[in-house]
Amino acid sequence: MKRFIKKILIFALVLLVVPLLFCIAVDPFNVMHPLNIRDNGVEPNKNYIKMTYILENPDKFDSFMFGSSRVGNFHTENIEGYNCYNMTYSSGLPSEHLNNIRTLVSNGIRPRMILIGVDYYSYAINPETHLTEGLRCPYEISRDDPFSFWKLYLDPAVVRKSLVEVISGHTPEDNYSKIFYNYGWNAAYDLRTGFTFADAKAYPTGYSDIESAVGCIREIRDICIEYGIDLIVFTNPVNQPSYEMALENDYFSFLRALSAVTPFYNFSGLNDITCDESNYLDTDHYSAEVSDLVLDCIFKNKVDDRLSKQGFGFYVDNNIDELISIIES
Amino acid sequence: MLFNSLKYAIFLPVVFALYWIIPHKYRCWLLLIASYYFYMSWNIKYVLLIAFITAVAYFAGLGIEKKINGKIVVFISAFLSLSLLFVFKYFGLFFDTANNILSHFAISLHPVTLKLILPVGISFYTFQAIGYVIDVYRKEVPAEHNYILFATFISFFPQLVAGPIERTSNLLPQIRDEKDFDYDKAVYGVKLICVGLYKKIVIADNLAPYVDRIYNNISSYTGFSIVLATLLFTIQIYCDFSGYTDIARGSAKLLGIDLMENFKSPFFSTTIREYWSRWHISLSTWFKDYFYIPLGGNRKGKARHSINLFLTFLVSGLWHGANWTFVLWGSLHGLLRVFENVFKIKEAKKRFSVEWWVRCLVIFIAVSGFFPCFRANSLSDIWYAYSHMLDGVINPASYLHDGFANTTGIEMGTSALITCILVYLLPLTLYDFFSLKTDVLIWIGERKTAVRYLFYAVIVFIILFFHYVGEVSFIYFQF
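As you go down the protein sequences, you meet chains A and B in turn. Take 1 as the starting number for the first sequence in our numbering and just add one per residue. Take 1 as the starting number for the second sequence in our numbering and just add one per residue.
Take the hints with a grain of salt, since some may be wrong.
Below, simulated DSBU-like cross-link-like pairs (lysine-lysine); rule was C-alpha separation at most 35 Å, straight line [unchecked claim]: (1) B/K7 / A/K7; (2) B/K191 / A/K151; (3) A/K2 / B/K25.
These are computed hints drawn from the structure, not numbers from a lab.
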C-alpha cells in the first residue's frame, strides 16, 4: 500500500504542479495581480479587479457607475461636480451591484452618488452562471468563498480557453491600465466598428427573473437612503434589434416593476438614437457619444426636443403608463 | 456528492485510507457509515427509504429461510419496495394520465400534489434488494444474517446511486471476506477512474450544452440540428453513464472489490440483442433473470416469446423514468428485438468484416434514432423531432451547414470542431474498438515505463485542460 500511495502522490504532484504553474503564468483574467493589470487581449475580470482597486484606494473616487458592459463606454470623468468611476463589468447584474455596494459601504466607503444602467439583461441572466466564468466571477466570491474563486482561476480548462487570445500576439493598447484604474471605461470617443443592424445577434437568454432583479435594486435603494447616497437609475438605449427582442421577453413588466421601486430615466424604446446603427459598436454596445447624450440629459437636463418626444430621457416617477404609451407609439 | 466533485475527490481517499488501515472486522462498519454519509449528502431525509428497503429485504430473506411461505414473502417484500418506488417515482405520471383520460368523460380527480423529489438511485437499490430476495427464494444464495453486512451490500456507495445493479452472489461475499491490499487492483482502479472522468467531464459534459440547446427548445429547430443533437446525445449519454460506471468500478477496486462490467463497447453491436448484452448489462441481465424468465422466456412458444421480449423492454423503458417517453423508447427497442427474433436475425459471424462494420453502423443509427424518445421532454416533442428531422434535406449543403451552425451555436468554430473530433470522438472510438479485443488498461500497463507514463500523463492533462467547467450531475441519477 505504501508503494501505491507513494506512486500516486508523486504522479499527482508532478501532474498538478505543471498545470498550476501554467495557470499562474498565463493568468488571462488578471486576477493574480489586480493592482497591476496588463492588456493581454483577454477581457479581465473587471468586477474583481475594480472592486479590489477601489477598496485599496477608498478615497480616490466619490461616485460610481454600475451596470453591464453596455454602460461600459460612459466617460464618467466628464460628469461635472463628481469624481465618478465607471465600475461596469461584463454582464454586470443588479445582484452583483448590490453585493459590491454593500462591500463598499461596509468598508467605510460612502459614495455621494451611484448611477445604475439597466436593461433586458438585468433580469435575463442567471447570476449563478457567472460563478464558473473567469471573466465574470463576482468579487464577493473571492471574499465569501475564496476556495471556489481561486479554484476557478487555477483550473487549466478555464485558462486554456483564453490561451489562443493570449498567445496570438495582441498589441497592448496605450494607457490601458491608466484608463482602467482612473476612469474604468472601455471605448474611446470616435471608435466605430462598421456595425450594422443586419449583423445584430440579439437572442433571448431563456432565463427571466424580474422579481429578483428588481428586488436587488430595491435593496440598493434602501442602502442609498440609509447612507444618504444619491441613486440614479436609467435604462440603456439598446438598439432596435435588441429592444424588439426585449419587448418579446417581458421588458414592459420589468419597467413597471422597476418604477414601483425607484424613479428612473428612460432611454430605451425606438427613437432616433436606437434606430441609427451608426450609434452602436456591436449588438450590445452603444458608443461613448451616445453615453454622453445620456449624461447630458441626466445631469444637465439637456435633451433634443424630438428625442424627448420619443421617450429618450423621459423621467419616470409614478408615471410609468405615460412612458409606456410613448414608447409603444 | 457527485463523482466528479471535489467533495468526492476528498471523500474517496479518506475512505480508502481508513479502509486499509483499520482491522477487517471494522471495515464493513466503515463502508456502511461512508455509504450512508454519501447518500445523505443528497438529501438526509431519504436515508429512511434505503433503510426501509434494506430492512424489508433483510427480514424477507430470513423469513424465506425459516420456511415461511416463500412466494408470499417474496410478493410482500417486492410489493412494499415497489410501492415506495411507485409513490416516489410513478405516482405523478399515473395520476396525471388517469386525470387526462377521465377528463374526456367530464370527470376530474381531486388534485393531489405530493411534491416529492425523486430520491437518487431509488430504482437501483430497490432492484438490488428485490434481486436478493428472489435469489434467496430460488436458493441461489443463503439468507444473510449479519444486518450490517447486508445493509452495506444494499448501500455500497460506489454503485449506490446508478448501479451497476449488483448480484448478491458477486458483491456480498466480497464485502464479507477478509482481503489484503492488492496493488495491481488498486492501480487498475485509479486507471478506471481516470477513464470514467475522461468520458464524463471531458466528453459528456462538454457535449451536453449542444444537446440541451436543441432539445430544451426543440420547436425552434428543424432538420439536421435535430439529427446532430440526437447523435451527440447518443455519445453524451453513453459517456455519462459508462463514465459513471467506470468511476464506480474504479472506486470499488480501490477497496478491493470487483463490481460487474456494465458496458462493453455497445456501439460495436450487429443486432439489438447484442447491443443489450453490451449496454447497461446489469439492468439487462436483471430484467432477464427476474422478469423475462419468470414470464416464460422462450419456453412457451414463439408468440409468447415475442410478447415476453416486448413486455420486458416496455417495463425496462418505464424503469428509466416516469414519463411515457421512456415507455415509447423501451417499446421501440422491444419491437426491433421482436423483429430480430421473428426473422431470426443473428449477430454477424465474422468480426471486423465489411458486413460487421455495416451492421454496426445500422445498429448505431437505429439506437441513436430511438434516443429522441429518451431525451425529448414530452411525447409532442418526440413527434416534432421525428417529423422535422428531414426538413430541408433536399438541399443537402444548407441542410448540413444550417444544422451544424444551429446546434453548435456561434461560438463553436473550426478549432472547436477539431477539438471535438480529436479529443472526444477519436479516443472514445479507439478505446471501445480495442476493448473488443483486449483490456486496453492492462495492455497499456504492459508497455515500457516511459510509454506508459507518457500515456497516463497525456490522459490526465487532457482531463485537466479539456474538462467542462462546472459540475454536471449524471443523467442516470434521475432514474
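When the hints from earlier in the document are held up against this structure, which numbers fail? none
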